[in-house]
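Produce the complete structure using the sequences and hints provided.
Chains as they are written, first to last, in the working numbering: chain V, 4 to 159; chain W, 22 to 137; chain D, 725 to 1003; chain E, 389 to 587.
Treat the hints as calculated values from the structure; they're not laboratory data. Please read these numbers as outputs of a predicted model, since none were measured by experiment. Some clues are possibly wrong.
[As the list claims (entries may be wrong)] Under 10 Å between C-beta atoms, here's a sample of chain W residues computed to sit facing chain D: (1) Arg-37; (2) Gln-56; (3) Met-58; (4) Gly-60; (5) Leu-73.
Beta carbons: idealized from backbone N, C-alpha and C, even for Gly.
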Amino acid sequence: MSARAVESWTLQPLTDFVREAAVRLVLLMTPAGQVLAQSGFSRAVDVMSAAALGAAIIASTTEMARQMKQAPFGFLSHQGQRHGIFLASSVTGRGPVVALVVYDLDVSSVGLVQLFFEQLAADLAAASPKETVNKQVLAADFERELSNSLNALFGR
Amino acid sequence: MTTAYSQALDRVTRVRGVRGAMLVAGDDGLVIAEQLMEGIKGPAVAALASSLATRLRRAMAAAGVGNSLFWHLQCDQGALLVVFSGSGVLVVAVAEADVNVGLVRLELLRAAEAAG
Amino acid sequence: MPDDIRALSAQLAQDPQSLVFLRLAELLRQRRQLDAAVRVAISGLERHPHLADAHDLYARVLADKHDYERAFDEWDMALRIAPNHTGALKGLAFLYFKVGDVDQARAHLETALKVDPDDASITQALEMVHQGVAPESGADAGAAAPAEAIASGAEVAPLEDARVFAGLEGAQEGLLLLDPAGRVLGGALKDRHGADVTDAVAAYLAGVSQEAARTAKLLGLGNWTGLAAEGGEGNVFLKQPGPEALLLVVRERGVPMGRLAVIANRAANAASRWLERQS
Amino acid sequence: MSLVNFTTREITCKIVYYGPGRSGKTTNLHYVYQRVPDQRRGRMVSLATQTDRTLFFDFLPIDLGQISGFTTRFQLYTVPGQVYYNATRRLVLQGADGVVFVGDSQARQLDENLESLQNLQSNLLEHGIDIRTMPLVLQYNKQDLPRELVLTPPELDDALNFRSVPSFPADALHGSGVFETLKGISELVLKRLAAGSAV
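Written out as structure tokens, the structure is:
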């Protein structure tokens, strides 16, 4: 299964989770919808749409819980004809991480996904680097390159 | 409803050597009702029992022996015993390895009937 | 799409590195879905280019498509990887026989017979080569030409039940021995209507044993030692006679579970003795 | 919170188009979507009502290519402008790296522009962010309308642009000013990253 991580510490927990829970797609992201890692997606951009939508669902249900003066929901599950979607968030040393999971109903189940999500959450918490990364500075000529890139993007 | 469930599970847990009994939604592997001794992880039992049940059901269908009604996973430090109720609910018992299987099976079947 | 093919496809999609493609491609080949079989075989070969079985399988599919030149190359490659691969030896014998080179056909079959003197299909094929005719039966359905009959010998069950489960009650049916990847080591299964369901059941059983092992481990129950199940039409018992094998016993519903356990234990003992002799 | 990874050399930034209802935020995204080559953009996702009003947000990921050796991606979001959608606006605003405020240039819309700007300020505050530290540009949209209906850019600057951030006149429907606006916010966001203050 093709897994890819922007934040490399998420990769091993993610790969283990995909294997154990026998799921089709996983997306790890920040609550703002920034992708940290994914498994099973074929096109990078679709990953971003999925992240935006997944983060939006989490954001809106968290807000709903807040308005009801309740603790945030543990997880969200949606069951279709053949696939299930599972959404949950966990806390890591690098802040909260939201997981969006898609699984085949004849291969896995929400119970199985939930069970191994707990492991994933623990693995992510253990694997996350605690210290903040050193701030590095982008190259000085990046403004020129940015300008060129934007011009190229709009065909000017 | 809940009382009916817990009464059904009561009879299972009363069998000597049974450490917990539960009703599990077969399709999604989630707990419906449970009566467990300390240290037994209900959600894990539910998820794994339902997953094993699904796989076993397919193998048995392929072998042409029909729908599975009862199964018993024997392990060296315990056992998992499962009965299928008609409505897709699994009645699950976690037990010691030397439990009286016949008795547990009987109580699981009764519980399945009660659970509908 | 029939369920067993679907199940194998799903298993392969789950774990593209697994060897389940061998079973899937073979099943597709038997169902005459040759183009699909080619695709599965090739994608398997891309991942396992040094697996003689994969070349042998691809060659059989190619032979079914009457692409004999490439089939020859594939069987040849299988032999380079595993010089004693009886499937490839039989395959090449078939191709030689087909082009009228009886000497080469015989030579390959004789090599195969040295590797596996007990393989009846080889003896049978040798007889055919001598006589230049084929008997009616073959593993493939339909009337087989002499040459095809030789090749079809390549897919006769790899072991004969009697050898693994000799002397056991009902050894002729209802006993199945598998390796961890779900490949049949011995035995065969038929359903109530007499259809051979060995492959389909084998494909599912690997998943059952993996899940049984995981369940036992994660629930702190130690190692699993057996799985007994009652079905509406029959009872089954699953055991692990060794770390590398899985045994299934199927009996009709009238056979009590306790008796089934006894049969399963005996069969497991026979199987583990046999497995020891193999290693 | 932008995501900058120095190991894989990737930058992802979230830019939110903010502004009153019907000011043309979605139109901006549609224009960008049409003009950016296929391989540089993802699917545009719109969570809209039946009358095409944005209900939750519109979303468009675009790929800026390599900038200083970094694969740079922007995620463009719009928020619903209608006053009653404030909860959703606040959610979408979460984690934004930059904001484009799309104002409606029509004179009669001035109050709504002001109200929306104040709303932006208070929603940012709810996320613990001072609007003065957030990369922000203003766009004065619908400048193509008859002159008697709209305010000029200098007039709008006087009325709305208290912080003297970059501002751009635009006609998003036909595309004028859309690119300049995006370029303007991109520069601010990435400059801030380059300074190392926002990582």
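(message) Just to be careful: measuring from the Cβ of Gln-56 (chain W) to every Cβ in chain D, is the smallest value less than 10 Å?
(response) Hint on Gln-56 (chain W): violated, closest Cβ of chain D at ~16 Å, above 10 Å.
(message) Min Cβ distance, Met-58 (chain W) to chain D: is it shorter than 10 Å?
(response) violated, 13 Å
(request) Tell me if Leu-73 (chain W) is really an interface residue toward chain D, meaning its C-beta lies closer than 10 Å to one of theirs. (result) holds, 5 Å
(message) Min Cβ distance, Arg-37 (chain W) to chain D: is it shorter than 10 Å?
(response) Because about 18 Å separates Arg-37 (chain W) from the closest Cβ in chain D, which is outside the 10 Å limit, the hint is violated.
(message) Let's test the interface hint: is any C-beta of chain D closer than 10 Å to that of Gly-60 (chain W)?
(response) holds, 8 Å
When held up to the earlier numbered hints, the structure conflicts with 1, 2, 3 and fits the remainder.
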